[in-house]
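J.: Listed here are the chains, written in short residue letters.
Protein chains: 2
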Amino acid sequence: MSRVVVDVMLKPEILDPQGKAVHGAFDRLGFDGVASVRQGKRFEIELTGDAGPEAVAEIERAASTLLSNPVIEDYTLHVETEA
Amino acid sequence: MSRVVVDVMLKPEILDPQGKAVHGAFDRLGFDGVASVRQGKRFEIELTGDAGPEAVAEIERAASTLLSNPVIEDYTLHVETEA
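The listed protein sequences derive, respectively, from chains V and F. First residue of the first sequence? That's 1 in full-length UniProt numbering, and the numbers climb one at a time after it. First residue of the second sequence? That's 1 in full-length UniProt numbering, and the numbers climb one at a time after it.
Treat the hints loosely; a few may be bogus.
The list treats identical chains as one, so a pair stands whether inside a single copy or across any two.
Said to hold, decoys possible - Calculated cross-link-like contacts (lysine to aspartate or glutamate; reagent style DMTMM-like; alpha-carbon spacing at most 20 Å):
#1 Lys-11 / Asp-27
#2 Lys-20 / Glu-44
#3 Lys-11 / Glu-73
#4 Lys-20 / Glu-60
#5 Lys-11 / Asp-32
#6 Lys-20 / Glu-46
#7 Lys-11 / Asp-50
#8 Lys-41 / Asp-74
#9 Lys-41 / Glu-54
In short, the hints are calculated from the structure, not lab data.
Turn these sequences into a full structure, and let the hints guide you.
T.: Okay, structure coming up:
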């Protein structure tokens, strides 16, 4: 079994109120040195088989249609090899 | 400026209805070969300075108190070097 990780983040030009709220909390709680915070989603997808090119292409298709909204979000995808 | 990424996921023993819903959608939409899906949060934190040991320890403290609920969630933290 292998794992594919898809990270979905708002595009840089899209306002991120969740991230802004977290940044505000950092300031209030005295965590210094933070310039900005962006919050996104992380999907850990366990495959029944190997993460071959075909399986990864399938997940890539899902990432761009089901897991992210391509109008406002970018995704990155990587295969994770477990230690 | 450097970036620290904090990934927050539900602990393995905690039920993940969001992930389950995504997994169900995979099945319905014909994406095969998926054994399970877990959904979590990703925080991209830009620091004003370098990601030295002190700054990272500070973010680590924030990750365990502000960004995650240690009762039900685990977090991982890594410093990202931009290409």
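J.: Against each hint, give a clear statement of whether it holds in the structure.
T.: Tested hints:
1. Lys-11 / Asp-27: Neither way: Lys-11 and Asp-27 sit 24 Å apart in one copy and 28 Å across, limit 20 Å.
2. Lys-20 / Glu-44: between (25 Å within a copy, 12 Å between copies)
3. Lys-11 / Glu-73: Close inside one copy (5 Å), not across copies (26 Å); limit 20 Å.
4. Lys-20 / Glu-60: between (29 Å within a copy, 19 Å between copies)
5. Lys-11 / Asp-32: Neither. Shortest intra-copy (25 Å) and inter-copy (29 Å) distances fail the 20 Å Cα cut-off.
6. Lys-20 / Glu-46: Classified as between; 12 Å across copies, 32 Å inside a copy.
7. Lys-11 / Asp-50: Neither way: Lys-11 and Asp-50 sit 31 Å apart in one copy and 24 Å across, limit 20 Å.
8. Lys-41 / Asp-74: Close inside one copy (11 Å) and across copies (15 Å); limit 20 Å.
9. Lys-41 / Glu-54: Neither. Shortest intra-copy (24 Å) and inter-copy (27 Å) distances fail the 20 Å Cα cut-off.
This entry does not satisfy hints 1, 5, 7 and 9, going by the numbered hints stated previously.
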